[in-house]
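These protein sequences, in sequence, are chains A and B. Taking numbering that gives the first Met the number 0, the leading residue of the first sequence gets 0, the next gets one more, and so forth. Taking numbering that gives the first Met the number 0, the leading residue of the second sequence gets 0, the next gets one more, and so forth.
Treat the hints with care, as some may be off.
[Stated by the list, open to error] Pairwise CB distance ranges, derived in the manner of DEER restraints:
(1) 24(A) to 30(B): 46 to 52 Å
(2) 24(A) to 42(B): 45 to 51 Å
(3) 257(A) to 66(B): 18 to 24 Å
(4) 38(B) to 44(A): 36 to 42 Å
(5) 22(A) to 110(B): 24 to 30 Å
(6) 158(A) to 132(B): 45 to 51 Å
(7) 157(B) to 192(A): 56 to 62 Å
(8) 63(A) to 72(B): 46 to 52 Å
(9) 132(B) to 22(A): 30 to 36 Å
(10) 49(A) to 63(B): 38 to 44 Å
(11) 70(A) to 38(B): 50 to 56 Å
(12) 34(B) to 243(A): 51 to 57 Å
(13) 184(A) to 110(B): 25 to 31 Å
Please keep in mind that the hints were generated in silico from the structure rather than gathered at the bench. We put the CB at the ideal spot given by N, CA and C, even for glycine.
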Amino acid sequence: MLEKPILDPYETEDLEIRLFLEAVKEYYGYDFTHYARASLRRRILGHKEVEGVDSVSQLVPLLFEDPHFFDRFLHTMSITVTSMFRNTDVFLFLRETVLPKLSTYPFINIWHAGCATGEEAYAMAILLEEEGLLNRSNIYATDYNKDALSVASKAIYPLDNMKEYTENYIKSGGRGNFIDYYQARYDSVKFSSRLSDHITFVQHNLMNDQVFTQAHLVLCRNVLIYFDQNLQNRVLDLLQESLVSRGFLVIGDRETLDFSSSSNAFETFSQSNRVYRKLAFAKT
Amino acid sequence: MQRHEGESAPRSVVNRLGKIVAIGVSSGGFRALERILIEIPSSFPHSILIVQHIAIDAGGYMVEYLNSCSALEIGFVDAGAVICCGHVYFAPPGYHLLAEREGTLSLSIDPPVNFSIPSVDVLFESVARAFGERVIGVILTGANADGAKGLSLIKKNRGTAIVQDPSVSDAKQMPTHALESTDVDHVFSLEEIAAYLVNLK
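When you get a sec, could you build the whole thing from the sequences and use the hints?
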């Protein structure tokens, strides 16, 4: 007589997810095993629907046999809600309090880690332009997803979003007319090359790539929320190493360094805006 | 704070959590939540997770007010927070709230579900999976269908399903959709929901 499985349906599904992620890791070198589990599970189950298969296990053969499968999976893994000047208070604080401190440097390097489709990188460039710093600034905007980066480097976004972005721009202390930064054509807009000239979009994977710049300001907003504590620690170490002494780190407005091993390398610069500053003698 | 690794929650973690009361509410929610939360004493041995549909730029006024007039600790969730009894955790505007089996809370900026971020279905689905029969799902007033699917999943995982009586709800749609999707345990007024939670063992 056959033995019955000892796992309940959810445990079985968790096992299938682990096996699938192991295959992804071995075959493509992308390690999602340290992602926060609840949202990871939602995405994988969502992708199961996209592929029209009945179980997570059935994704494994696709990984080996369908050359386009992994691109589709990466796309599912990297969809997030992003916008310009999301959390207007944070951008107002950057404009009024952080940028004046950065203005003492002859040249300003900004690393935007996990920039997705790039909206916030352009928002940052607008801030720098209006504070008279853009000419001596470079924004390195990175993401692991090359499709997202290709959207970002085109600087083309739906016209429908501009109403919300304009409102956000004004609330975050915008000094000009938001409409001056883009040209509208049919139902999309293209942001000015004046902004994109100072942004370099680069593929970089926080999970396993190394530091590539010395930054005065690092933005990494709503990226850590997708990672478990181990991966958060790794990423925060990386961000910390890439910062100059007394450099600034900005994370998402509901993220915290409290649970992280890197927290002792930083002082809190603004708790409500989640802006931290690297200590002068932080261990690197 | 110590975080727990591993695939399944150690028994001690699950016990420390008590029951998990997950509440989904939309329009008319402020008054409904006030009437419930004000009744619950600080000795409440369980935790409450709440998704209320609010605009992304809504200030923290409502949560601050509720915290000031309730005996419980009430606030927006920071990613990675550990669930503690006697606390009320609100999904922050613009984020989905999810529970992990180890007893921590996660946030995501995944696309809206049922046009909503935070979404009640996302929270309910995750607590149903993480905590099974320890979950009490509650649907209050609201003018959409968010939460109906999640409540049926809570019930399917042997949790308890409670819906505010639509005839006494500010907006009837959310309770009505929930009643259509799920064979619920209780249809209660706000006073009855408060009394039920106060007496929850």
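The hints, checked one at a time:
1. 24(A) to 30(B): 46 to 52 Å: At 50 Å between Cβs, range holds.
2. 24(A) to 42(B): 45 to 51 Å: holds (47 Å)
3. 257(A) to 66(B): 18 to 24 Å: Once the Cβ atoms are compared, 20 Å apart, the range 18 to 24 Å for residue 66(B) and residue 257(A) holds.
4. 38(B) to 44(A): 36 to 42 Å: holds (37 Å)
5. 22(A) to 110(B): 24 to 30 Å: holds (26 Å)
6. 158(A) to 132(B): 45 to 51 Å: holds (50 Å)
7. 157(B) to 192(A): 56 to 62 Å: holds (59 Å)
8. 63(A) to 72(B): 46 to 52 Å: holds (50 Å)
9. 132(B) to 22(A): 30 to 36 Å: Given range 30 to 36 Å: holds, Cβ gap about 33 Å.
10. 49(A) to 63(B): 38 to 44 Å: For residue 63(B) against residue 49(A), whose Cβ atoms are near 41 Å apart, the range 38 to 44 Å holds.
11. 70(A) to 38(B): 50 to 56 Å: Between residue 70(A) and residue 38(B), where Cβ atoms are some 53 Å apart, the hint holds.
12. 34(B) to 243(A): 51 to 57 Å: Holds, at about 53 Å.
13. 184(A) to 110(B): 25 to 31 Å: Cβ of residue 184(A) to Cβ of residue 110(B): about 26 Å, so the range 25 to 31 Å holds.
The structure agrees with every numbered hint stated previously.
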